[in-house]
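Participant: With the sequences and hints as input, model every part of the structure.
Heads up: the protein sequence lines correspond to chains A and B, in order.
Position 7, counted from 1, in the first sequence is what my numbering calls 7; the numbers after and before it change by one each time, with no gaps.
Position 132, counted from 1, in the second sequence is what my numbering calls 132; the numbers after and before it change by one each time, with no gaps.
In case anyone wonders, no lab produced these hints; they're calculated from the structure.
There are no misleading hints in this set.
Simulated DEER-style distance windows between Cβ atoms:
1) A:Ala161 <-> B:Asn246: 20 to 30 angstroms
2) B:Gly394 <-> A:Ala101: 26 to 36 angstroms
3) B:Gly129 <-> A:Ala74: 27 to 37 angstroms
4) B:Asn246 <-> A:Arg308: 42 to 52 angstroms
5) A:Thr77 <-> B:Thr112: 44 to 54 angstroms
6) A:Val297 <-> B:Val27: 39 to 49 angstroms
7) A:Phe145 <-> B:Glu222: 35 to 45 angstroms
8) A:Ala126 <-> B:Arg272: 29 to 39 angstroms
9) A:Ala30 <-> B:Asn246: 47 to 57 angstroms
10) B:Ala221 <-> A:Arg308: 56 to 66 angstroms
11) A:Ala90 <-> B:Gly394: 19 to 29 angstroms
12) A:Leu113 <-> B:Gly394: 37 to 47 angstroms
13) A:Val237 <-> B:Ser130: 47 to 57 angstroms
Backbone N, C-alpha and C fix where the C-beta goes; we use that ideal spot for every residue, glycine too.
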Amino acid sequence: MASLPARSEALPRRRPRLGRQARTRLLLTALMLPAILCTAVLVAWPIAKLVQISFYELRLAELMRPITKPWTLANYTAATGHPGFVPSLAATAVFVFAGTAAALAIGLATALLLDLKLAGSTLFQALVVSPWSVAPAIASLIWMFLLNDQFGLVNYLLLAAGLVSAPVPFLTSPDVAIWAVTFATAWKAYPFFTIMMLAALQSIPHSQYEAAMMDGAGRIRRFTAITLPGLRGFLRVTVFLGLLSQFRNVESVLVMTGGGPARSTETLAVRVYTETFQYLSPGRGAALGVLTLVVAVATTLAFLWATRKRADI
Amino acid sequence: MRRSIAALGLGLAAILSQPLSARAETVLDFPTYQLEESFGPWWRALVEAYGQENPGVRIKLTNAPSNDHHRMLTTRFAAGNPPDIVHMTARFVWGYADEGVLEPLDRWMDKTDIKRSWVPSQASLSVAGSTYGLVMLNYGWGLVYNEPMLRQAGVAVPTTEPELFEAARKLTRDRDADGRTDQFGMALNTSSSSWGFMTFMHFHNGRDRDIVEGRKLDDVAEITRTLARIQEYVKAGVTPTGLDNNPMRQLFWQGNAAMYIDGSWAPGYAKRAADSVRDGWRIAPLPFPNLAGGPSNALAMPKDISAERKELVWKFIQMAASPEWQRRYALVTGNPPGRVGSVDAEARAKWPFLALFEASASRPSRSHLPIGFENEYNRFSSIFTEGMTAMVAGRLTPDAAARQIATGLKREIKGLE
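Facilitator: Have a look at this one:
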């Protein structure tokens with residue numbers, strides 16, 4: 001018995017063991033660290049730099065050097081005071097909301113069709129998803145040729161069917177061009193909605209439909225009472241991602257119209273591009289970039305807030 | 001064991017020797033947007049010859065479409081990582097010089113005959129007394145026309161602008177009598193791209209007017225007059241509206257337009273022409289008393305590279321500017337090079353319309369550039385085409401478009417009166 005204290009003194013002090021939960025948390029943090037670092041370097045730093053540049057009148061050669069000039073709001077004043085600013089906000093609203101709505105509508109319709117598992121559905125599935133595999137610039141080029149008022153297939157078909165008496169100036173009329181470009185981007189974007197909606201549809205238990213049918217519910221009632229509520233969570237995430245994607249879409253407009261005619265398709269993202277890369281005004285481009293970011297974040301947060309409220313109800 | 005060590009040693013030596021030899025070679029980065037065009041073979045040959053003349057120096061030649069190329073240049077300049085050899089559309093030269101990313105070339109150029117032997121527009125590539133580029137090509141314009149179409153309609157090749165309009169009217173036809181025009185007399189670029197602005201300048205310079213003179217924008221009444229003339233072509237239905245360059249060229253070379261205005265590179269499109277056009281196309285001098293002159297594209301040097309690299313880049317520019325390579329430029333590309341007098345009999349025999357473009361390019365002309373505000377060219381052309389496309393689409397009258405353009409330009413461009 002006398003040896004016991006001596007033995008306990010000889011043993012090294014054991015550190016208190018981490019609990020299983022704490023160890024899991026540590027492991028998860030370690031696993032997430034590369035992603036956090038990547039996000040910090042590739043997202044947070046460029047955004048911080050963008051915000052910084054927007055407050056200075058810098059030349060291209062000065063962007064990556066220590067800034068010695070005084071800060072100014074001149075870029076924001078110039079960007080928001082430009083007569084094209086409000087029209088470009090309007091063009092952005094049409095492009096983002098109508099584009100996402102159209103992509104959602106086509107995506108939901110095609111997902112419902114695919115969910116019916118009709119004969120030849122595998123081929124149909126491949127066809128439906130194919131626009132997704134086309135590069136955005138190529139998709140825009142395809143639509144630019146299809147919608148051309150001189151040799152475009154769409155006008156040829158419309159004229160041949162007698163639906164119009166003269167070619168429709170899809171890309172050369174300021175009243176039509178924004179809708180044409182919006183539709184073209186929706187065509188490129190809808191397969192993402194199809195896939196997400198199809199996954200959501202397949203996660204709804206079939207027993208719910210069977211029970212509803214036994215209760216005498218018709219197709220429309222089953223769609224509104226079972227399908228739509230089942231899709232709600234997926235819809236929220238998909239529309240959120242779709243909105244963000246549409247906000248930052250610049251190549252489709254640039255390829256199809258370059259922002260014209262008469263600046264009718266000049267979205268905020270296109271203005272950022274034009275100011276920075278065409279007019280070589282990085283400060284003003286950065287200010288517009290920050291404003292675009294604010295509008296995009298505010299819109300998507302408003303959407304998330306609105307849809308969460310509805311889900312709670 | 002010894003064998004294993006020896007093998008390991010050999011392997012290591014092989015691996016280490018690779019980067020050592022690579023390090024001994026200097027690689028000059030040279031992106032361009034002209035490799036896929038008729039200029040490509042000349043650039044490739046020049047780069048190869050430079051490599052042979054300069055052992056240990058290799059030029060990495062890459063290609064990108066024009067818009068992507070210039071976007072890449074801007075990004076690389078902003079990041080402080082420019083290419084060694086800068087090739088660009090001339091309208092970017094003043095902007096980049098103004099942004100402080102280009103090196104003045106005078107200390108090298110002044111030791112050569114370039115400034116004395118070049119097309120007049122070479123002098124325009126300077127900002128505050130320093131030269132920032134070497135003109136590779138000066139704009140030379142022509143009226144590309146379909147000779148059988150003109151003959152069939154009994155129309156002579158126009159030599160004045162009113163004749164051009166009349167010819168375009170007579171050549172516009174509904175060939176299959178379905179009530180729609182399927183042969184346009186003229187294909188004019190009235191798009192919102194910078195080439196839409198060039199259409200305006202063809203007509204405005206063609207009326208013997210510059211758009212800016214002595215830092216003063218031309219009168220609204222004069223701008224209105226030019227816009228109104230373009231609108232007459234649109235209203236008469238002799239040209240489709242909103243055409244950009246590609247559809248404009250497609251319309252002509254596929255046999256659906258009788259005439260269009262293009263630069264000295266136009267013959268390069270003939271190989272893609274429809275059978276009915278391939279033998280019938282011709283080029284005539286542009287029927288305007290004055291032309292929209294100015295530099296088309298230029299070679300330059302970035303500021304942010306080492307002095308050693310700058311010397312190597314200058315060697316390349318000097319080689320491109322040498323009489324021999326300028327002669328080859330005309331022969332291989334069919335375009336009149338920057339060095340005056342470089343087009344020889346061989347090139348003229350190979351390219352029947354080269355003499356015409358040569359005369360056009362070296363003829364004293366008005367400038368398509370807003371003189372004194374060249375660094376704002378892109379903003380200038382954008383504000384112009386905004387008004388012009390609105391007019392062409394029927395949203396604005398020529399007068400309203402001209403007033404909108406003048407107000408926009410004076411608001412956006414500091415110092416423009």
